[in-house]
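Protein chains in written order, with our numbering: chain A, 241 to 671; chain B, 5 to 442.
Calculated from the structure, these hints are not laboratory results. Fair warning: there could be bad hints in the mix.
[Stated by the list, open to error] Each computed DSSO-like pair below joins lysine-lysine, with the alpha-carbon atoms no more than 27 Å apart: (1) A:Lys458 x B:Lys250; (2) A:Lys458 x A:Lys428; (3) B:Lys250 x A:Lys653.
Quantities reported herein were computed from a predicted structural model and do not represent experimental measurements.
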Amino acid sequence: MSAPQRKPSTDVQKDASMAKQKAMIDSNFERLGNVRNSGEKVSYTFVPGNLNELVMCFDMVGNYPEINAIQNGLRKKSGGMIMEAEKWGHSEDVCTYVKSDIGMMRKGNIGPTGQPIPEPDILMLSYTGCYTFLKWFELLRHDYKCETAMLHVPYTGDNKITKSMVQYVVKQLKEEVIPKYEKVSGVKFDIDRLRENLANSARAEDDFVWVLQSAKNKPSPIDAYFGGIYYIGPIFTAFRGTELAVDYYQTLRSEIEERIRKGQGPITPEGEMKNEKYRIVTEGPPNYTSMRDFWKMFYDEGAVVVASTYTKVGGTYDFGFRHDPSRPLESLAEYCMHCYTNRNLPERTRMLESYINDYEADGLLINSIKSCNSFAAGELMMMREVEKRTGKPGAFVETDLVDPRYFSAANVKNRLESYFQMIDQKRRAGA
Amino acid sequence: MKCFIGIDLGSTTTKAVVMNEDREVIGRGITNSRSNYDTASAVAKQEAMIDTRFTLLRNNLDENDKLKDNQDVFLHDLERNFRREQFVEQLDDLQTTCLRNAEGERFNEVRTDLTEVLASVFDNLREESLALYAKGAKRKSDFFRDIAGGRFLTLSEDFSKQAGISYDYALNVYDKSIIEVENRPPAGNLEGKFFNGLRNLTRESPELGISFEDVQKPVKDALAVELEESFVVGTGYGRVRLPFPKEHIRSEILCHGLGAHMMYEGTRTVLDIGGQDTKSIQVDKNGVVDNFQMNDRCAAGCGRYLGYIADEMNMGVHELGPIAMKATKAVKINSTCTVFAGAELRDRLALGEKREDILAGLHRSIILRAMSIIARSGGISDQFTFTGGVAKNEAAVKALRDLVKENYGDVTINIDPDSIYTGALGGSEFARRAVMEA
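Extracted from the complex, chain A is given alone in its bound form:
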């Protein structure tokens, strides 16, 4: 008899909110694919520090290039696109989101759902700590020769957001960003419309935070990393500020309330996680091209991720921030500065420490990304510090975002199994 080595079944288990989320994401691709008919203008921007509520004020449709890369990764399309970008001279070490996007363009700009991705009318760069984003849009500007707006968000290097930092961002919004959007869209900015959108955001954010924090239950009803990626979809992208997002998070919340009532664990593609053996905190983005395999390695061992920093790249709402309709521009400024990517290392370490303690986790797992230096730099140091402060063991695996060539399954599995067994061994030793 061989040791159990079940292959993933072909049927993926999903719950209602997952189907709803997928329909929402697909609808935005459809809207993007239809701009030739609808005449809508297109705004490209990135997830961290995005100004979706503001963009909506100009009746524009948002396109998120890294979401396209992720969706292409999940659909196993990114590998060919990356190779295409490399054919055009992009090096192997460059961020694979960038190469997936450039490769998609070079192959005719057909998006993940098969709809064409329209050219941008404006490239809106909100700089929140990722230098590569800046270069990425420079590459796109070179090709599209369109309007570009840049919002320079001060880095929260000493972990304080001062009044002058907020004013600095607001001034740019007023003098640079809004006028450019007015010019491109032909729509006059209406601050009341922005307030309305921000009110929707805050409502969705309340439910979203409730969902994330539901992982404090034992067993946790959610997986805050693999499952969390689905949960952040609407609020991190073109739906923040919409009624649809409010509705989605209400549905999600009720679903999870029900799961808690029944004492159920998270739904994974392999089925419900029935026996929560390990509660893990993760740092770093996931691997998208082998996500199901990666998740299954956790599922097989009974490991649930109870908190992750990656689900905070589009906002650290669980530490109290909410969009505020009474201070519309100021609140947008603060939102940008609060994004995880804009946080300094001591603050990221403090967040991880609090996750380990608040979610009663067994340890910290870092998935370090080969082609993402802005995430990876300092991660090992953070791990050591978190280990020291919490007494819980850390572990380190390395994969990539959307480049299938950099997921070495046997190696990752080996490390994960070693890590979980190490936790087990420590528990026995401590017992």
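Given the coordinates of chain A, work out where chain B should sit on it, guided by the hints.
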């Protein structure tokens, strides 16, 4: 008696350790991992069980007055003769398999000649085995494929030429047959091999003054003990292929950590360089793992890197260390890519650098890579234990000692001659605990 077995399925070799109820190691076995992990694990286990029989025999002989002064010599000679019996048995199996494989239609035209070639080759191999296992003879490897394969190819080339047929026929038959033979666990009949070995021994070493009858009973008694496989724990890269359930499988990180602790109780940092892994493990005073780091994505700088370099230089992997020890300086060589390192090596040779100096540089670069992994796992705490196949390489050990001193000062460095069994040792202790401390 109860036996607790740890099996470490590495990418290059598979090791097994047998432990008794008193936590004593009573047997060790090793084989090449081949392409079939199930067989590798069965063979390594069988070898460890044979070794266990020798341990039992040693205990039985303690009371034997005739062997008071030369028990070690006797046991060593007996094992050598036993190995020859085993080798000849596998040769017979290989010959039968070759003949069967030569029955295919494609050999119709040359069958008579080919059968004669094979008969001559195997007659010679059997003849040579006497010298191969003679007193004081050195074998380049303990694995059947390595010992028999090289000679088969040389002999069959000569005999094919004499018979006027293409050497390819014998080569084809061999390639197919050696895989079949390797993937067939060796036959049983231990008693026959022990007794034949014993007869040979008494014939070739009259000076020991031992007759067959003197030791027949202790041998019989050692073979009669029932060895009960109470619990088997598997570890290593091939562990998922092991034919037992999940709860019998432990990660090699845990097994190496515990194994190193058992070899040297004061161990706090373990470095293991195996075929495709470099692992740095921090353990506490009980051998429980605190932290670990491994090489990622690329295995340059591991044992296989040395294997590749040895191939590039047309040498045996065991020759690299001794040559590098003759170096007067270490030439800088990169360790980030095995293939590039091979190219760099040829480049340095062409530039007139000495082979030993280049090899010293290669060993240093392997250890430099390991030092980075050690640093990432939390550095070196006293005591430091070095394990794995590469720990047998004296040049690698020298480079390690130098770099440890340079970076961490005076640290106790432990290297056990049996360090290749560290993972299997940890596994056997996990197996013992699973039963005795459950």
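The hints, checked one at a time:
no.	hint	result
1	A:Lys458 x B:Lys250	25 Å, holds
2	A:Lys458 x A:Lys428	50 Å, violated
3	B:Lys250 x A:Lys653	14 Å, holds
Of the numbered hints given earlier, the model fails hint 2 alone.
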